[in-house]
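There are 2 protein chains.
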Amino acid sequence: MTTAPAAAVVSGNRLALARLLTEVEDNTAGGREALRELFPRTGRAHLIGITGAPGTGKSSLVNSLARNYRLGNRKRVAIVAVDPSSPFSGGALLGDRVRMRDLSGDDGIFIRSMASRGSLGGLAQATAAMTHVFDAAGYDPIIIETVGAGQGEVEVARLAHTTVVVEAPGLGDEIQAIKAGILEAADILVVNKADRPGVENTERALKSMLELGHPSRQSIRHHGESMQMGHEAMDPDVWIPPILRTVATEGTGVPELAAEIERHAEHLRRTGAWAERERQRLQAELESLVQQSLVRDFRERVKEEQYTKILGDVFRRVLSPWDAAKLLVDGKRR
Amino acid sequence: MTTAPAAAVVSGNRLALARLLTEVEDNTAGGREALRELFPRTGRAHLIGITGAPGTGKSSLVNSLARNYRLGNRKRVAIVAVDPSSPFSGGALLGDRVRMRDLSGDDGIFIRSMASRGSLGGLAQATAAMTHVFDAAGYDPIIIETVGAGQGEVEVARLAHTTVVVEAPGLGDEIQAIKAGILEAADILVVNKADRPGVENTERALKSMLELGHPSRQSIRHHGESMQMGHEAMDPDVWIPPILRTVATEGTGVPELAAEIERHAEHLRRTGAWAERERQRLQAELESLVQQSLVRDFRERVKEEQYTKILGDVFRRVLSPWDAAKLLVDGKRR
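Residue numbers (the working numbering), protein chains in the order written: chain G, 3 to 336; chain P, 3 to 336.
Only true hints are included.
Using 20 Å as the maximum straight-line C-alpha spacing, the simulated EDC-like pairs for lysine to aspartate or glutamate come out as follows: (1) K311(G) / E289(P); (2) K305(P) / D332(P); (3) K209(P) / E258(P); (4) K328(P) / D299(G); (5) K328(P) / E302(G).
Pair ranges (Cβ atoms, derived): (6) G32(G) / K209(P): 41 to 51 Å; (7) P238(P) / K209(G): 49 to 59 Å; (8) S210(P) / R272(G): 49 to 59 Å; (9) R272(G) / E202(P): 51 to 61 Å.
Simulated from the structure, these hints should not be mistaken for lab results. C-beta: ideal position from N, C-alpha, C; glycine also.
Between the sequences and the hints, there should be enough to build the whole structure, so can you do that?
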């Protein structure tokens, strides 16, 4: 550690950690320098993505899960809360305050909310950088909480080793409401608010969706076995996403969820999928940084007046956007 | 017109149009060439974005609206249906077939569903290119239908002159369920399925959200005037998003929606916002094409083995992603 911030973060200084997270989020030179130094110390934490539509009680579930990890002071837990779909909402900040009250006074939990970075790529990049800092600082697990079930959540879910998708009765009744994209990414499915009516319907809808997406599940039904027992009878290298019930506000089902998350981590390590996910994640991060760097170089290279002139030609529709892009990038038409 | 496809599309050949749309979606050389030729003929159509969560009856509303535009054969209507959040669903294709049945036999309507392009940027780019083709072929209006209310929909909504956000009773009760991001982009709000119970609640929730987002609306309430009457009393250059009720399956409220859409287009033209939106749209399109081109050049420049070696160093955590990006882009560290 040659810089003070990196050293302070590794030594467990919470204030230094909070400051560095801000620097990293703002992408300052100091933040990048500290990240470089911390990077060799990363790769230890279990990254858990938790995503679900608004109203599923996802934030309560994350809080309850974090408290569960803290039982007996066993683990230091980081929570990164991200809302990619509401650039203007400030909802993350509000959730943050509610949460601070819930989990306050526990030095073993660190919570950070992320505002949108204007673009999905920027958001995934900033979230990845945050997890590196927490990882190097010894937090494990790191919970990445995202709202919704769109493309943004799929991108953020790609950062995690284990992705938990949360539904609730009454929201998931319409089969359309469960997005295929996020279900493909789900390692564990949770029906939260399971004390509400309609829990069986939601569970049934999720099972049907899983059967569509996972041929291995279909074969279970074929042989007439119980769905719940399915995974013991299967190829141990194939992970069948389990469906769990929780009531987060009362903590019901949360220890079972933590156990399934751990079972998934063990599955990933045993099959080599853990290392594979790490590699995919780092490659995606590198490609995002390369793209950012290419755009920055381009901005420095192309003169403002040249850009404005070409853009004007496009506005008057005498130059097509395709020819304009060629001109700007290669300096010639077509 | 020097190429046959472009000329055939302009002359109204539906088969040539269908073929060109496929070429454009697949980003072939022929598609790009035809786009270049067609581009000077674009800029006439009114682009209407219609977005809403699954279950709001958005597709029925789009169909009903298209039929309304066709009354008396007045306008040729194009529909581009996009689902950015479900890369694997095939839902768009299913919706397409239902729709073909609904609107079949009318040569004045052309419907095209879009599969996700793998990335949001790619999707918005392909959607923009599609609208250019329809525009040059004389379709007006062009309806861009998107599912959901995430970042993806906001990006696609940016393509439109007029953005209609569809809600339905029972979905919008929770204030969280209405995403601030998409509401910011809304020019017109529709409560569809307005014959269902709970329509007043949904309308009230939308009004509260609008009051939060539009200070001008708040001032109306301040003066004790009716919200419904508000916009007549206001600065005519400020557009206050109206809230309409429809029952798309019966066509109820659809002529009124078409009238509001037209009123919005007139507002945009009068205030100069129409040209401003066109410029923003073309600039975003150009920047997306530039980015694509930069990445393609990079891929050609960097040798596969060099990339693999650097990526391996990142995997072993001896090189940070930030240093790796520098190395790849500039050929040197830091």
